[in-house]
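**Q** Based on the sequences and whatever the hints tell you, model everything.
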Amino acid sequence: MESVQSTIKSFINNSNKIAILGIGNYLKSDDGFGVYVVESLVKNYSKTHENLSLEKEVNSVNNRLILMNCGVVPENFTDVIKRENPDKIIMVDAALMHQDPGTLRIVESDEISETGFSTHALPLSIIIKYINAHIDTEILIIGIEPTDLEFGEPLSGLIKEKADEFSKILIEEIDSFLV
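Oh and the sequence shown: position 63 is 62 in numbering that gives the first Met the number 0, straight run, nothing missing.
Simulated from the structure, these hints should not be mistaken for lab results.
Any given hint could be a false lead.
Taking lysine to aspartate or glutamate and the DMTMM-like style, the derived pairs with C-alpha atoms no more than 20 Å apart in a straight line are [unchecked claim]:
{"#": "1", "residue 1": "42", "residue 2": "174"}
{"#": "2", "residue 1": "159", "residue 2": "147"}
{"#": "3", "residue 1": "46", "residue 2": "174"}
{"#": "4", "residue 1": "27", "residue 2": "163"}
{"#": "5", "residue 1": "16", "residue 2": "174"}
{"#": "6", "residue 1": "87", "residue 2": "171"}
{"#": "7", "residue 1": "81", "residue 2": "56"}
{"#": "8", "residue 1": "167", "residue 2": "38"}
{"#": "9", "residue 1": "16", "residue 2": "83"}
{"#": "10", "residue 1": "159", "residue 2": "171"}
{"#": "11", "residue 1": "27", "residue 2": "152"}
{"#": "12", "residue 1": "167", "residue 2": "152"}
{"#": "13", "residue 1": "128", "residue 2": "110"}
**A** Put into structure tokens, the structure is as follows:
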């Protein structure tokens with residue numbers, strides 16, 4: 000997790016505006032990882048920013064941090080991304096990477112076509128190409144190897160634990176960014 004944190008720290012350093020996209024499906028157990036992480040961030044920042052709400056899919060903190068709960072349709076948020084024009088985007092998702100369950104790591108763009116982001120209506124690689132064609136931004140993809148993708152199950156204990164740990168790391172780095 001340390002290498003992920005140092006990558007995030009250097010990635011958001013000197014940014015003007017960042018967007019964090021939580022991608023996934025709560026109805027398919029660990030596929031809800033990305034959504035859970037973004038909801039954790041919204042809960043944290045709603046303590047000091049009363050305009051934030053879990054009821055909204057898009058939340059803004061000081062117009063420098065955009066938190067998006069994209070669910071399984073991140074392509075529906077491309078207009079918001081273009082309008083907000085963040086110089087950095089972090090996408091958080093469960094990914095079939097053939098790693099041990101709970102492995103959290105940076106997923107390189109060229110791996111996406113090989114990596115199973117299978118719950119999305121449109122492949123993530125196409126969404127990334129579309130975003131890059133319309134705004135000047137850098138994109139960091141963070142994936143976790145799921146334990147369970149069974150329909151109707153909540154996050155597994157391992158993935159929930161990793162999501163909580165990762166959310167704390169993001170909050171720490173975002174707090175430094177927002178200062």
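**Q** Between the alpha carbons of residue 42 and residue 174, is the straight-line distance 20 Å or under?
**A** holds (14 Å)
**Q** When you check the alpha-carbon spacing of residue 128 and residue 110, does it fall within 20 Å?
**A** Within the cut-off at roughly 14 Å; holds.
**Q** Going straight from one Cα to the other, do residue 27 and residue 152 come out at no more than 20 Å?
**A** Given that 20 Å is the threshold and the Cα spacing comes to 6 Å, the pair holds.
**Q** For a C-alpha distance cap of 20 Å, please report whether residue 16 and residue 83 respect it.
**A** At roughly 8 Å apart (the allowed maximum being 20 Å), residue 83 and residue 16 satisfy the hint.
**Q** Against the 20 Å threshold, does the CA-CA distance of residue 46 and residue 174 hold or violate the hint?
**A** holds (13 Å)
**Q** Does residue 174 sit within 20 Å of residue 16, going by the straight-line distance between their CA atoms?
**A** Measuring from Cα to Cα gives roughly 13 Å; hence the hint holds.
**Q** Can you confirm whether the C-alpha distance between residue 159 and residue 171 stays at or below 20 Å?
**A** holds (18 Å)
**Q** Take a quick look at whether residue 81 and residue 56 sit within 20 Å of each other, Cα to Cα.
**A** holds (16 Å)
**Q** What's the verdict on residue 27 and residue 163, does the C-alpha distance respect the 20 Å limit or exceed it?
**A** It holds: about 18 Å lies between the C-alpha atoms, which stays within 20 Å.
**Q** What's the verdict on residue 87 and residue 171, does the C-alpha distance respect the 20 Å limit or exceed it?
**A** holds (17 Å)
**Q** Take the C-alpha atoms of residue 159 and residue 147, compute the straight-line distance between them, and say whether it is at most 20 Å.
**A** holds (12 Å)
**Q** Check whether the Cα positions of residue 167 and residue 152 lie no farther apart than 20 Å.
**A** violated (24 Å)
Of the numbered hints stated above, the single one contradicted by the structure is hint 12.
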